[in-house]
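Q: Okay, here's what each chain looks like letter by letter:
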Amino acid sequence: MSYAYLFKYIIIGDTGVGKSCLLLQFTDKRFQPVHDLTIGVEFGARMITIDNKQIKLQIWDTAGQEAFRSITRSYYRGAAGALLVYDITRRETFNHLTQWLEDARQHSNSNMVIMLIGNKSDLDSRREVKREEGEAFAREHGLVFMETSAKTAANVEEAFINTAREIYEKIQEGVFDVHNEANGIKIGPQHSPSGAGLTGNQGAAGGQGGGCC
Amino acid sequence: MLNRFKTALYNVVGSFDPGDGTLGGLGPGVTNNLPTAAGVARTGVSSSSSKEKSLRFPYTRPHFLQLGSEDEIQVTADHAIRPIICPRDISRLPWKSGYAETINAGKSKRNEDQAVVQVGLLTRPIKIAASSRTYTSQDKRTFNKPESVINGYGDADQLQPEVQEHTVVLSPQGSTLSASPATELKEDFNHSASSFRKERSNKKLSRIAIEQNTVIHHPLEETPSHSSKPLPSQPSTLQQPLVSSVSLPYYLFGVFDGHAGWGAAVAAANQLHHLIHEKLCDVIDILIPDPFEDNSFKVQSPLWAPEKEVTVENAVTGALEYAFWQMDQIIGEDKHKFQLLGGCTACVALFIHGKLYIANAGDSRGVLSLNGQPHPMSFDFTPETETQRIRKLGAMHPGLLGGEFTHLDFIRRPLRSDLGKRVLYRDHFMTGWAYKTLTQDDLKYPLVCGEGKRSRVLATIGVTRGFGDHDLKAQCSSIPIKPFLTPEPEVRIFDVASADLTDGDVLILATDGLWDITSNEKAVSAVLKSLSHFPAEDHDKYKYRYTSAAQDLVMGSRGKLRDRNWRTSNDKHATIDDITVFVIPLKPYKEEYQEWTSKQKANGGDDEKSSSQSINSPNIKCDASELEADTVASDKNLSEEEKRPYPPVMLNAGDSLNHEKDALEIKPQEDYFKNEVNQEAQAEQRLNTTLHDT
Numbered sequence: 001m002s003y004a005y006l007f008k009y010i011i012i013g014d015t016g017v018g019k020s021c022l023l024l025q026f027t028d029k030r031f032q033p034v035h036d037l038t039i040g041v042e043f044g045a046r047m048i049t050i051d052n053k054q055i056k057l058q059i060w061d062t063a064g065q066e067a068f069r070s071i072t073r074s075y076y077r078g079a080a081g082a083l084l085v086y087d088i089t090r091r092e093t094f095n096h097l098t099q100w101l102e103d104a105r106q107h108s109n110s111n112m113v114i115m116l117i118g119n120k121s122d123l124d125s126r127r128e129v130k131r132e133e134g135e136a137f138a139r140e141h142g143l144v145f146m147e148t149s150a151k152t153a154a155n156v157e158e159a160f161i162n163t164a165r166e167i168y169e170k171i172q173e174g175v176f177d178v179h180n181e182a183n184g185i186k187i188g189p190q191h192s193p194s195g196a197g198l199t200g201n202q203g204a205a206g207g208q209g210g211g212c213c
Numbered sequence: 001m002l003n004r005f006k007t008a009l010y011n012v013v014g015s016f017d018p019g020d021g022t023l024g025g026l027g028p029g030v031t032n033n034l035p036t037a038a039g040v041a042r043t044g045v046s047s048s049s050s051k052e053k054s055l056r057f058p059y060t061r062p063h064f065l066q067l068g069s070e071d072e073i074q075v076t077a078d079h080a081i082r083p084i085i086c087p088r089d090i091s092r093l094p095w096k097s098g099y100a101e102t103i104n105a106g107k108s109k110r111n112e113d114q115a116v117v118q119v120g121l122l123t124r125p126i127k128i129a130a131s132s133r134t135y136t137s138q139d140k141r142t143f144n145k146p147e148s149v150i151n152g153y154g155d156a157d158q159l160q161p162e163v164q165e166h167t168v169v170l171s172p173q174g175s176t177l178s179a180s181p182a183t184e185l186k187e188d189f190n191h192s193a194s195s196f197r198k199e200r201s202n203k204k205l206s207r208i209a210i211e212q213n214t215v216i217h218h219p220l221e222e223t224p225s226h227s228s229k230p231l232p233s234q235p236s237t238l239q240q241p242l243v244s245s246v247s248l249p250y251y252l253f254g255v256f257d258g259h260a261g262w263g264a265a266v267a268a269a270n271q272l273h274h275l276i277h278e279k280l281c282d283v284i285d286i287l288i289p290d291p292f293e294d295n296s297f298k299v300q301s302p303l304w305a306p307e308k309e310v311t312v313e314n315a316v317t318g319a320l321e322y323a324f325w326q327m328d329q330i331i332g333e334d335k336h337k338f339q340l341l342g343g344c345t346a347c348v349a350l351f352i353h354g355k356l357y358i359a360n361a362g363d364s365r366g367v368l369s370l371n372g373q374p375h376p377m378s379f380d381f382t383p384e385t386e387t388q389r390i391r392k393l394g395a396m397h398p399g400l401l402g403g404e405f406t407h408l409d410f411i412r413r414p415l416r417s418d419l420g421k422r423v424l425y426r427d428h429f430m431t432g433w434a435y436k437t438l439t440q441d442d443l444k445y446p447l448v449c450g451e452g453k454r455s456r457v458l459a460t461i462g463v464t465r466g467f468g469d470h471d472l473k474a475q476c477s478s479i480p481i482k483p484f485l486t487p488e489p490e491v492r493i494f495d496v497a498s499a500d501l502t503d504g505d506v507l508i509l510a511t512d513g514l515w516d517i518t519s520n521e522k523a524v525s526a527v528l529k530s531l532s533h534f535p536a537e538d539h540d541k542y543k544y545r546y547t548s549a550a551q552d553l554v555m556g557s558r559g560k561l562r563d564r565n566w567r568t569s570n571d572k573h574a575t576i577d578d579i580t581v582f583v584i585p586l587k588p589y590k591e592e593y594q595e596w597t598s599k600q601k602a603n604g605g606d607d608e609k610s611s612s613q614s615i616n617s618p619n620i621k622c623d624a625s626e627l628e629a630d631t632v633a634s635d636k637n638l639s640e641e642e643k644r645p646y647p648p649v650m651l652n653a654g655d656s657l658n659h660e661k662d663a664l665e666i667k668p669q670e671d672y673f674k675n676e677v678n679q680e681a682q683a684e685q686r687l688n689t690t691l692h693d694t
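Chains as they are written, first to last, in UniProt numbering: chain S, 1 to 213; chain C, 1 to 694.
One should not assume that every hint holds.
Said to hold, decoys possible - Calculated pairs, DSSO-like style, for lysine-lysine (alpha carbon to alpha carbon, straight line, at most 30 Å):
| # | chain 1 | residue 1 | chain 2 | residue 2 |
| --- | --- | --- | --- | --- |
| 1 | S | Lys29 | C | Lys522 |
| 2 | C | Lys543 | S | Lys151 |
| 3 | C | Lys541 | C | Lys482 |
| 4 | S | Lys151 | C | Lys541 |
| 5 | C | Lys572 | C | Lys560 |
| 6 | C | Lys392 | C | Lys453 |
| 7 | S | Lys29 | C | Lys543 |
| 8 | C | Lys444 | C | Lys421 |
| 9 | C | Lys482 | C | Lys53 |
| 10 | C | Lys560 | S | Lys170 |
| 11 | C | Lys444 | S | Lys186 |
| 12 | C | Lys522 | C | Lys572 |
| 13 | C | Lys482 | S | Lys186 |
Don't read these hints as lab results, they were simulated from the structure.
Could you put the whole structure together from the sequences, leaning on the hints where they help?
A: Dropping the structure here:
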């Protein structure tokens with residue numbers, strides 16, 4: 001399928017806050033309670049529509065583990081949007097946000113849209129971080145804020161789509177240079193390559209003109 | 001400087017898209033690879049004829065990465081980010097081995113490195129009633145052909161290979177009675193697998209069958225079990241002796257570094273392991289001798305023609321060498337019929353019979369990390385290290401030089417003004433230098449030129465061993481390059497079973513993308529550092545340790561992008577090449593093998609499942625006592641090992657079924673790494689390593 005733009009996202013935050021679950025909920029609409037540690041980087045993709053335009057989101061899910069930090073840092077570059085995730089039931093994941101933000105600002109391009117996500121909103125009884133605290137942090141650092149639940153899917157769509165909308169608006173305003181791929185934005189192929197009359201294996205191998213998803 | 005320029009260029013240009021017709025001749029839907037790649041200068045490849053041919057294999061990444069869609073493959077091919085990709089499910093690799101890869105910085109659209117992992121099982125029936133007189137033509141021998149393919153390169157959704165079965169039954173005269181594939185075979189992987197069996201191997205297997213008067217039967221099973229299985233009852237009118245079977249598991253890891261297109265590397269990753277399996281089946285009677293075979297039936301070799309003794313090592317080495325050779329031939333044949341571009345190097349690690357065999361053709365490398373020390377298990381074959389072989393070939397067959405190149409090596413490129421002067425040179429039979437008076441002929445371009453990574457044969461190719469390149473011509477000429485290349489591997493052996501191993505001892509198997517930047521020593525210390533983050537004692541984290549190590553190695557050589565250049569952590573040039581790395585722990589194989597040998601011993605070459613059917617066999621009677629003896633033996637073995645300081649010793653594994661015994665009768669030998677090919681190569685390797693490091 002053809003798309004107008006491709007946005008690259010990165011999901012960051014402490015280990016165990018639910019980064020992979022958010023991705024899985026968004027791309028596959030399912031929740032996996034027991035998830036293996038992400039090693040290095042995972043990725044997923046989904047098509048969304050903004051302003052009647054097809055936009056493909058390519059999402060890079062990184063390992064939260066300290067041991068992989070030096071590897072995951074290299075993915076900041078070339079991302080148009082970032083979801084910075086903490087766990088509302090674990091105070092320390094909120095405390096580490098400043099560090100994550102510093103890291104992100106240092107290694108990404110300056111226009112990257114960062115969305116702050118307080119995940120696991122379904123576990124309200126075990127809440128350790130108030131909603132207001134998240135809001136305050138976001139305001140202070142100029143981020144968009146949202147509480148989500150990867151389990152119930154609450155706000156998950158919104159989190160990814162709102163980020164995309166913000167990026168899209170920045171493009172309209174001319175903030176992003178869409179021709180520089182390092183900004184994490186790619187203009188879709190002008191014409192879908194599907195008409196080339198390819199079949200079977202040949203199609204699978206040759207159809208990398210960009211249009212498949 | 002050149003590198004710097006290239007990286008800058010790639011970053012400005014972004015990833016190439018040769019699919020848009022910039023490379024004329026490549027129509028829509030055919031490959032999108034660039035005909036330029038590591039080791040091969042531009043214009044070397046003729047791609048014009050590939051227009052109408054269909055692809056031999058579709059482009060893919062290693063199956064164990066489980067990249068389900070073309071979309072995901074594309075994500076991994078991000079030249080600007082160069083993500084480090086590792087398997088999603090670590091348990092798909094034996095012993096939770098580590099694997100990581102990254103793409104080049106833009107020199108080719110696709111990642112031209114490929115990798116394969118296979119767990120296989122060789123099964124041989126053992127006749128229990130050895131004394132019963134039904135040998136010769138009624139002798140039944142079964143080759144099981146189960147292939148649990150971790151990397152099947154099959155359909156993305158087809159994680160387990162289908163159960164396939166086809167039988168070749170031969171009449172006593174040796175003519176084929178039936179060949180019946182039980183299932184229709186799928187495209188790609190299955191196609192390749194079956195095409196061997198149907199077209200190629202059947203021919204050969206039939207030959208063996210004729211010679212040995214046997215019945216060959218190989219079903220593909222879904223999963224290998226380390227225990228052997230009782231024979232399926234064979235429909236046969238022949239008298240059937242009591243049979244059981246012995247199964248020998250093996251593990252294969254391979255890396256292939258493609259150049260001038262991805263075709264050959266993908267073909268090798270799809271097929272080489274099948275060929276190796278086939279060749280191992282061929283020598284199964286050497287790998288697993290029948291303990292009950294009555295040797296008196298063997299024809300004594302006459303005195304005037306003594307037979308050479310063949311060990312398991314010889315047989316496995318031969319299987320690898322034969323498979324490599326045939327792989328190259330198959331690619332050569334397929335190049336006529338299909339679109340199959342480029343060439344590739346190959347480095348295969350095979351764990352079988354308690355030993356590790358590394359077969360290497362090219363400049364990928366296997367290095368053991370033992371006790372924190374690197375032990376190279378392969379030799380880098382490059383134009384520079386093989387200069388004598390290549391120049392000798394040129395001297396013997398001057399026609400191969402096309403009148404444009406000289407096999408002589410001059411201390412510096414001679415100029416026209418040097419004509420008639422005495423210059424230092426060396427001929428193909430020399431390693432040192434001598435004087436010669438320069439003639440017109442000597443002004444031709446040298447057959448081998450350049451140094452180190454930039455050395456080239458016929459000014460074109462930078463690798464001298466591997467598969468493919470059949471259609472490659474020297475740049476700006478019609479001189480074929482293939483005659484100077486060879487698929488012959490060098491096979492080195494490490495005795496895993498008798499080595500004193502810890503959880504930190506691994507094999508690092510990687511393409512030159514890693515080794516160009518990271519020395520053996522640095523690689524070993526990087527692995528140890530990574531492993532320390534995921535200690536072996538930590539049960540939860542254990543499974544990540546080798547994957548983490550592989551990632552860190554890739555990271556070390558890929559570095560980070562700084563000011564449009566890929567730089568290492570100590571701000572030196574990082575590689576812009578594809579990088580592929582395996583980190584394989586050695587201890588689990590040793591333990592598995594010990595278990596296997598003690599089981600074999602305990603069962604007297606039999607299996608629990610089948611022992612019931614052979615309860616009357618005199619060979620089974622001593623089970624209990626043997627078992628007891630066995631425990632004692634392995635205990636002794638252990639304590640012996642604990643006491644024994646490293647290095648371990650090499651065993652002569654002549655008799656595969658007496659490994660316990662062998663392990664006890666350790667014959668001290670000096671070199672525990674056996675180099676099957678040439679000692680001088682090893683010396684050169686040492687030199688090479690030191691050069692590398694400096």
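Q: Decide, hint by hint, whether the structure agrees.
A: How the hints compare with the structure:
no., hint, in the structure
1, Lys29/S <-> Lys522/C, "violated, 44 Å"
2, Lys543/C <-> Lys151/S, "holds, 26 Å"
3, Lys541/C <-> Lys482/C, "violated, 48 Å"
4, Lys151/S <-> Lys541/C, "holds, 25 Å"
5, Lys572/C <-> Lys560/C, "holds, 10 Å"
6, Lys392/C <-> Lys453/C, "holds, 21 Å"
7, Lys29/S <-> Lys543/C, "holds, 28 Å"
8, Lys444/C <-> Lys421/C, "holds, 16 Å"
9, Lys482/C <-> Lys53/C, "holds, 22 Å"
10, Lys560/C <-> Lys170/S, "holds, 28 Å"
11, Lys444/C <-> Lys186/S, "violated, 49 Å"
12, Lys522/C <-> Lys572/C, "holds, 14 Å"
13, Lys482/C <-> Lys186/S, "violated, 42 Å"
Hint compliance for this structure: hints 1, 3, 11 and 13 are broken, all remaining hints hold.
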